Amino acid sequence: MAAPAPLQAQSYEGPSCPRCHARLTADWIQSGTIICPDCNKPFEATAFRPPQRRLEVVSVAAALTPEGANACANHEHNAAVTNCVRCGLFICALCNMDVGTGPHCPSCFDRLRAADALAPVSTRFRDYVSMARIAMIAGLFFSFMFLGIPFAAVSLYYSRKAFKQLRDEGRSKIGLIVIIIMAILEILGGIAWLAALIVGLSQVKK
Amino acid sequence: MTPGKRKLLGRNVGVMTREAVFETADAIESEAREGYDVTRKRVLFEEVLLVTIHTELGTGYFVLMLLMTLILGSISAIFQFGAHLPVVAVVFAVLAVPFLVALVVRLIWKLDYVTVFGRRSKAVMRFSLRKRRAREVYGRICSRALEVQRSMAERQTEEAPPISEAPPPLPPENLANDAGGAVGSA
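Same order as they appear, the protein sequences are chains A and B.
For the first sequence, the working numbering begins at 1 and goes up steadily by one.
For the second sequence, the working numbering begins at 1001 and goes up steadily by one.
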């Protein structure tokens, strides 16, 4: 897998006009043809009212297990469900500000947001499959210059990384296997080409 | 769709953007490429707020194709009528044809955009020629989002504890008396 995703600020602010990107207020989010209040151009839309995730706030008295009996640092009557990954504070479901990067208490969440260091819903990684493919194709192009072997070696190196990446994501590896086979053939072809050249040269000398 | 499997829905390829949009079991995944670095964003079906479809001409592309057609066409005209070199004029005319075709195709079919807005991110796809595909993708995303959100709402309704109609039990008499006494004595 690639290096850990760098933290970055999320600039997305909710539904907007797909033409002019002007922010749409709740009144404008509806199904049917919408005329943008900003650019006055129409677009067809289907609006949804997704149900809010229900929080299960357990009270301290109702939490029977010893683990569940810890009280939230902010709400003394609520049982803690987890602790903040940044400061370790016990927090209840109400205080749990989890945006996909682990639970944070409200104050840590605010600090991260103020520092523009709040992890977004996006992840960033390196596409090793493309790198392996490009190296393999480059090797094919430059095989006549004996560069097939180093390019194929680079392709195999990236293929190994890509294999791990695809395995972690549970994606199909068929394309990668084709790249690996081609890279191996490039190496074998390069060796054969070199051997033929050496044999040919030695025969010319004789 | 099993976890890990994903289906390519469409792409958003422009001068500055290279995005591929996939459908997974629980979300729409958008992968934007900058060189070999990929930024993957997810719009969960349970968080979809708005799905839109609209048609645009793509002014930048249109103007570029128009300019190329005009430039190559005028060079061809200059060689034909000014320099009287019909062979060179034909070469430039042939070079102008692909730009003219691209211009006419864009003028007739335009670009279809499908945009999915979630609570935290969005995904955009554009379809240049496949109008039916754009409609299919739009309908598919809407139906999947509706299905997921409906099942989520049903699950929440089922999980909700039944509201008891009986009044809450009264405290025992001795406790009530004690409390009353304490209040009274204070």
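What the hints contain is simulated information worked out from the structure, not anything from laboratory work.
The structure presented is a predicted model; accordingly, all values stated were derived computationally and were not measured.
Any given hint might turn out to be false.
Which chain A residues face chain B? A few, computed with CB under 10 Å, are given here [as the list claims (entries may be wrong)]:
id, residue
1, S16
2, A22
3, L156
4, R160
5, R171
6, S172
Calculated lysine-lysine pairs in the DSSO-like style (CA-CA distance at most 27 Å, straight line) [said to hold, decoys possible]:
id, chain 1, residue 1, chain 2, residue 2
7, B, K1110, A, K164
8, B, K1005, B, K1110
9, B, K1110, A, K161
10, B, K1005, A, K173
11, B, K1131, A, K164
12, B, K1005, B, K1131
13, B, K1005, A, K41
14, B, K1007, B, K1110
15, B, K1007, A, K173
16, A, K173, A, K161
17, B, K1131, B, K1110
18, B, K1007, A, K161
19, B, K1007, A, K41
All C-beta atoms, glycine included, are put in the ideal place defined by N, C-alpha and C.
Verification of the supplied hints:
no.: 1; hint: S16; in the structure: holds, 7 Å
no.: 2; hint: A22; in the structure: violated, 13 Å
no.: 3; hint: L156; in the structure: violated, 17 Å
no.: 4; hint: R160; in the structure: violated, 16 Å
no.: 5; hint: R171; in the structure: holds, 6 Å
no.: 6; hint: S172; in the structure: holds, 8 Å
no.: 7; hint: B:K1110 <-> A:K164; in the structure: violated, 41 Å
no.: 8; hint: B:K1005 <-> B:K1110; in the structure: violated, 32 Å
no.: 9; hint: B:K1110 <-> A:K161; in the structure: violated, 41 Å
no.: 10; hint: B:K1005 <-> A:K173; in the structure: holds, 11 Å
no.: 11; hint: B:K1131 <-> A:K164; in the structure: violated, 38 Å
no.: 12; hint: B:K1005 <-> B:K1131; in the structure: holds, 26 Å
no.: 13; hint: B:K1005 <-> A:K41; in the structure: violated, 37 Å
no.: 14; hint: B:K1007 <-> B:K1110; in the structure: holds, 25 Å
no.: 15; hint: B:K1007 <-> A:K173; in the structure: holds, 15 Å
no.: 16; hint: A:K173 <-> A:K161; in the structure: holds, 12 Å
no.: 17; hint: B:K1131 <-> B:K1110; in the structure: holds, 10 Å
no.: 18; hint: B:K1007 <-> A:K161; in the structure: holds, 23 Å
no.: 19; hint: B:K1007 <-> A:K41; in the structure: violated, 32 Å
Of the numbered hints stated above, those contradicted by the structure are hints 2, 3, 4, 7, 8, 9, 11, 13, 19, listed in ascending order.
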